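From just these sequences and the hints, can you work out the full model?
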Amino acid sequence: NAGVMQNPRHLVRRRGQEARLRCSPMKGHSHVYWYRQLPEEGLKFMVYLQKENIIDESGMPKERFSAEFPKEGPSILRIQQVVRGDSAAYFCASSPLGATPLHFGNGTRLTVT
Amino acid sequence: KNEVEQSPQNLTAQEGEFITINCSYSVGISALHWLQQHPGGGIVSLFMLSSGKKKHGRLIATINIQEKHSSLHITASHPRDSAVYICAVMTGGGSQGNLIFGKGTKLSVKP
Numbered sequence: 001n002a003g004v005m006q007n008p009r010h011l012v013r014r015r016g017q018e019a020r021l022r023c024s025p026m027k028g029h030s031h032v033y034w035y036r037q038l039p040e041e042g043l044k045f046m047v048y049l050q051k052e053n054i055i056d057e058s059g060m061p062k063e064r065f066s067a068e069f070p071k072e073g074p075s076i077l078r079i080q081q082v083v084r085g086d087s088a089a090y091f092c093a094s095s096p097l098g099a100t101p102l103h104f105g106n107g108t109r110l111t112v113t
Numbered sequence: 001k002n003e004v005e006q007s008p009q010n011l012t013a014q015e016g017e018f019i020t021i022n023c024s025y026s027v028g029i030s031a032l033h034w035l036q037q038h039p040g041g042g043i044v045s046l047f048m049l050s051s052g053k054k055k056h057g058r059l060i061a062t063i064n065i066q067e068k069h070s071s072l073h074i075t076a077s078h079p080r081d082s083a084v085y086i087c088a089v090m091t092g093g094g095s096q097g098n099l100i101f102g103k104g105t106k107l108s109v110k111p
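Chains as they are written, first to last, in our numbering: chain A, 1 to 113; chain B, 1 to 111.
None of these hints come from the bench; they were simulated from the model. Check the hints yourself; a few may be wrong.
As the list claims (entries may be wrong) - Here are the simulated DMTMM-like pairs of lysine to aspartate or glutamate, each with C-alpha atoms no more than 20 Å apart in a straight line:
#1 Lys-68/B / Asp-81/B
#2 Lys-103/B / Glu-41/A
#3 Lys-27/A / Glu-52/A
#4 Lys-103/B / Glu-40/A
#5 Lys-106/B / Glu-5/B
#6 Lys-106/B / Glu-41/A
#7 Lys-51/A / Glu-68/A
#8 Lys-106/B / Glu-40/A
#9 Lys-44/A / Glu-67/B
#10 Lys-44/A / Glu-68/A
#11 Lys-68/B / Glu-3/B
#12 Lys-27/A / Glu-72/A
#13 Lys-103/B / Asp-81/B
#14 Lys-71/A / Asp-56/A
#15 Lys-44/A / Glu-5/B
As the structure is a prediction and not an experimental result, all values here were calculated from the model.
Here is the structure:
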């Protein structure tokens, strides 16, 4: 049973480009969570999704960031018009229906040049 | 003041030592998580607890809800335990997965 898969592991974007980060949850998990870890800072919650629904997006920046978890395929965290301050490690986690603890992916390290 | 505080920030131990990492929080919670972040960056969930004590191998986690405090203990520490240990709380009013994280405790175990 594969764990939570995130890709790419590393992503380099120039300022103004779009970044798309993918997360495939563990088999049987229908809840996905995204977290951001800025350099030298702790993890911060961004968004909680179930299939085709955003449950809690209270941690998402108001502009440029969006997330989806379609009926088929991975969850996508999309950052439009990236800026240097978006450089961070982005982690995805998943859990089964109505239960935790969380299973984390290895993260995507985004560097904006 | 952060809502989740960990101590110490950094900890160096000799192999075999008993280690304690502390976590204090200032909000009402429904659950507390202990996570381990490896030097390569990957995160592993160690424990989720809402009361009492849990044990897994050489790791023990305790929580005192009244005192808003949790501890993570490692018995017979080993160099492979070297990692950052992160405490995170799920608030009573928050959604599942909406966690508030501590800044982490960086543990280095020397052979």
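Right, here's what the structure says about each hint:
no., hint, result
1, Lys-68/B / Asp-81/B, "violated, 26 Å"
2, Lys-103/B / Glu-41/A, "holds, 7 Å"
3, Lys-27/A / Glu-52/A, "holds, 17 Å"
4, Lys-103/B / Glu-40/A, "holds, 9 Å"
5, Lys-106/B / Glu-5/B, "holds, 14 Å"
6, Lys-106/B / Glu-41/A, "holds, 13 Å"
7, Lys-51/A / Glu-68/A, "holds, 8 Å"
8, Lys-106/B / Glu-40/A, "holds, 12 Å"
9, Lys-44/A / Glu-67/B, "violated, 24 Å"
10, Lys-44/A / Glu-68/A, "holds, 18 Å"
11, Lys-68/B / Glu-3/B, "holds, 11 Å"
12, Lys-27/A / Glu-72/A, "holds, 13 Å"
13, Lys-103/B / Asp-81/B, "holds, 18 Å"
14, Lys-71/A / Asp-56/A, "holds, 18 Å"
15, Lys-44/A / Glu-5/B, "holds, 14 Å"
Violated hints, in rising order: 1, 9; the structure is consistent with all others.
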